[in-house]
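*Asks:* Each chain, written out:
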Amino acid sequence: MVSTRSGASVSSRLTAVRSVAVYVGQRARHDGLFLFGLLVALTVLFLALFGELLAPYDPREATANVGMPPPPLKDWPQLAYRALTGQLDAAPHWFGTDFYGLDVFSRVISAPRTDVSIALGGALVSLLLGTGLGLVAGFYRNWATGLLVRASDVLQSFPVFITAMVLVALSGRHTGNIVLALCLVYTPIFLRLTRAEVMGQARHGYVEAARAAGVRPWIIAWRHVLPNSLVPALIQLSVTIGFAIILTAGLSFVGAGVQPPTPEWGLMISQGAGDLNYGWWWPSVFPGLAISITVLGFAALGHVLEEAFR
Amino acid sequence: MWRYVLLRLGVAVLQLAALAVVVFFLIRLLPADPVARLVGLNASPEAYAQSERALGLDRPLIQQFAAYLGLSAAAPGLLQGELGRSWVTGEPVAAELGRALPLTIEVVSLALLASLLIAIPVGLVSAAKPKGGVDRAAFVWGLFAGAQPDYWWGLLFILLFAFTLGLAPAPLGRVDPLLVPPDSITGLILMDSLLQGRFDVFLSALHYLALPVLTMVFTVSGAIVKMVRQNTARALQSEYVLYARACGLPERRVARYALRAALTPTLTLIGIFFSVLLSAAVTVERVFSLNGVGQYSVRSILDFDYPAIQGAVLAVAMVALLVYLLVDIVHALLDPRLRG
Chain A
1 MVSTRSGASV
11 SSRLTAVRSV
21 AVYVGQRARH
31 DGLFLFGLLV
41 ALTVLFLALF
51 GELLAPYDPR
61 EATANVGMPP
71 PPLKDWPQLA
81 YRALTGQLDA
91 APHWFGTDFY
101 GLDVFSRVIS
111 APRTDVSIAL
121 GGALVSLLLG
131 TGLGLVAGFY
141 RNWATGLLVR
151 ASDVLQSFPV
161 FITAMVLVAL
171 SGRHTGNIVL
181 ALCLVYTPIF
191 LRLTRAEVMG
201 QARHGYVEAA
211 RAAGVRPWII
221 AWRHVLPNSL
231 VPALIQLSVT
241 IGFAIILTAG
251 LSFVGAGVQP
261 PTPEWGLMIS
271 QGAGDLNYGW
281 WWPSVFPGLA
291 ISITVLGFAA
301 LGHVLEEAFR
Chain B
311 MWRYVLLRLG
321 VAVLQLAALA
331 VVVFFLIRLL
341 PADPVARLVG
351 LNASPEAYAQ
361 SERALGLDRP
371 LIQQFAAYLG
381 LSAAAPGLLQ
391 GELGRSWVTG
401 EPVAAELGRA
411 LPLTIEVVSL
421 ALLASLLIAI
431 PVGLVSAAKP
441 KGGVDRAAFV
451 WGLFAGAQPD
461 YWWGLLFILL
471 FAFTLGLAPA
481 PLGRVDPLLV
491 PPDSITGLIL
501 MDSLLQGRFD
511 VFLSALHYLA
521 LPVLTMVFTV
531 SGAIVKMVRQ
541 NTARALQSEY
551 VLYARACGLP
561 ERRVARYALR
571 AALTPTLTLI
581 GIFFSVLLSA
591 AVTVERVFSL
601 NGVGQYSVRS
611 ILDFDYPAIQ
621 GAVLAVAMVA
631 LLVYLLVDIV
641 HALLDPRLRG
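Keeping their order, the protein sequence lines are chains A and B. Per this note's numbering, the first sequence runs over residues 1 to 310. Per this note's numbering, the second sequence runs over residues 311 to 650.
Keep in mind that the hints were calculated from the coordinates and are not lab data. Yeah, the Cβ is synthetic: ideal placement off N, Cα and C, and Gly gets one too. There may be inaccurate statements among the hints.
[Stated by the list, open to error] Chain A side only, calculated, beta carbon under 10 Å to chain B, not exhaustive:
1) T43
2) V239
3) A249
4) V254
5) S270
6) G272
7) L289
8) H303
Full structure from sequences and hints, please.
*Replies:* Structure (structure tokens):
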């Protein structure tokens with residue numbers, strides 16, 4: 001970042017932060033979609049940090065109750081009251097238990113630590129890499145950046161899911177490798193978006209004016225062109241987080257992601273699919289619902305961002 | 311026109327060649343040990359070395375690459391159209407893919423066709439009457455189904471339509487196991503059964519394909535509606551529509567001009583969403599236990615079966631590129647500006 005040089009600019013930056021906060025607050029009050037997206041995003045972030053602490057049961061440790069259905073919905077208020085006032089010997093299995101006796105609720109709320117942090121990590125690193133490379137490729141147009149763009153084209157022509165599977169399965173099924181695979185899949189998208197935007201910006205008068213004033217090219221690129229070219233990438237970020245969650249869970253669904261007994265939504269759906277044969281719907285329905293709502297939340301945020309900047 | 315087709319064909323072949331090279335080196339650079347996977351962890355060092363020699367993994371990378379291409383005289387390779395033998399089953403990869411690929415193509419094409427049949431009218435109407443009922447419904451649908459986990463919706467559909475309502479068969483393959491399957495001519499079971507007049511098999515196959523196709527349509531149609539709507543709205547705002555209106559042409563005639571301009575970019579969507587669905591096939595085939603190329607690639611990747619991985623990636627990419635190529639050619643036929 002550009003370093004702050006004086007106290008005045010610190011306070012002006014604080015004002016900027018405050019005005020963004022005020023804007024967000026106002027929008028959230030009037031725009032239901034934005035409120036929904038914001039709530040979902042904050043909830044999964046909160047669960048990624050504290051979900052495992054809040055879980056009533058150890059998400060990796062089996063209980064003695066196997067295949068227990070969730071309590072009927074009408075009993076929930078009463079159960080919640082008795083659980084909170086400490087009248088129950090053991091916490092209720094809100095979402096039931098699976099084939100191994102694992103508490104589904106505890107696993108569903110512990111999973112964001114894996115799913116959301118992998119997806120966020122992959123999307124954010126892709127954003128940084130992609131916009132950085134896209135800025136360079138759009139601003140300096142020579143054979144080297146041309147080669148970069150070609151390489152990213154080839155990368156984009158790979159079948160996404162199969163590429164991610166190959167990368168993760170062959171380099172070891174660890175979270176770090178999944179993040180790397182996501183980066184390889186998603187960076188080209190951000191590169192392409194930013195490059196197109198930078199090339200459009202470079203035609204504007206302010207770039208020419210800065211050049212004429214003798215500003216060094218990389219300063220023009222960094223300080224003037226980049227902030228003006230970020231919007232498409234930022235809109236894409238929200239959508240990409242959603243897709244990354246689906247991909248991360250999908251990898252473990254086919255057996256090429258994180259390993260059991262890690263609490264992870266895709267893994268739970270995959271194991272829960274077998275439980276359908278006993279008529280147990282809850283081990284697979286609840287984690288899927290979690291993915292579905294999370295992804296919808298990020299899609300809503302992306303839509304609101306898109307509208308706001310148009 | 312022919313020059314354009316040849317040029318695009320040349321580019322596609324180059325892309326495929328680049329892909330083949332990248333995949334070959336990529337999987338060998340990643341730190342996996344396929345030999346240990348094959349011989350097991352308790353194998354003696356001699357057995358390990360023997361297996362390594364048998365797979366050709368003891369040779370330098372560049373020699374392995376030459377063998378893969380078929381430059382060495384020992385065995386035919388990629389240049390002769392051979393994909394090698396699977397390390398796990400010992401069968402030629404090309405033959406295995408020949409059995410797996412038609413099923414995937416069948417499911418993906420049906421799903422894409424159904425999605426387009428639904429999405430194009432909806433997209434057109436919602437662009438023609440913004441803020442109308444259809445437009446609002448399409449917006450909600452696009453937002454909701456724009457990105458959803460197909461593997462979970464597939465399970466829900468099984469739970470609902472197969473286990474609870476009994477409307478669809480249990481997800482166990484592509485045709486009723488009690489029926490004698492038709493001889494394989496094209497490998498596409500719908501086509502084969504029709505060619506041989508086996509309508510019982512045709513109906514049963516349709517029945518078995520219904521849920522996988524529904525799953526794909528569900529997860530992909532929202533995005534298609536959104537894009538068709540965008541293209542149409544753009545066409546309606548264009549200057550020639552304004553001009554046509556200014557000339558006092560009847561609205562029906564204007565709509566016809568706009569329609570043609572809106573549907574041509576929609577054609578490009580076929581290419582994009584065909585490859586999106588090819589990716590989705592990996593998880594959807596898993597849910598419905600269909601032995602297509604998606605399941606084949608999962609199997610080969612988890613087994614570290616390098617020839618099979620290379621073959622599967624190439625096959626999927628080739629199908630996607632072929633569809634892109636066809637779409638580009640049709641596009642150029644419709645839009646003379648593209649022929650260059």
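*Asks:* Under 10 Å, Cβ to Cβ, is where A/V239 needs to be relative to chain B, so tell me if that hint holds or is violated.
*Replies:* Where the cut-off is 10 Å and the nearest Cβ of chain B is about 7 Å from A/V239, the hint holds.
*Asks:* So, as I understand it, the hint says A/V254 touches chain B; can you test that by seeing if any CB pair is closer than 10 Å?
*Replies:* holds (5 Å)
*Asks:* Answer holds if the nearest beta-carbon of chain B is closer than 10 Å to that of A/L289; otherwise answer violated.
*Replies:* holds (8 Å)
*Asks:* Would you check whether A/A249 satisfies its interface hint, that is, whether its CB is within less than 10 Å of any CB in chain B?
*Replies:* The hint holds - A/A249 has a Cβ within 10 Å of chain B, the shortest such distance being about 6 Å.
*Asks:* If you take the shortest Cβ to Cβ gap from A/T43 to chain B, is it below 10 Å?
*Replies:* violated (18 Å)
*Asks:* Does A/G272 hold up as a contact with chain B if the rule is Cβ-Cβ below 10 Å?
*Replies:* Given a least distance of 8 Å, the restraint on A/G272 holds.
*Asks:* Do the numbers back the hint for A/H303, that is, is its least Cβ distance to chain B under 10 Å?
*Replies:* Hint holds; A/H303 Cβ to chain B Cβ min 6 Å, cut 10 Å.
*Asks:* Measuring from the C-beta of A/S270 to each C-beta in chain B, is the shortest one below 10 Å?
*Replies:* Because about 8 Å separates A/S270 from the closest Cβ in chain B, which is inside the 10 Å limit, the hint holds.
The structure shown violates just one earlier hint, number 1.
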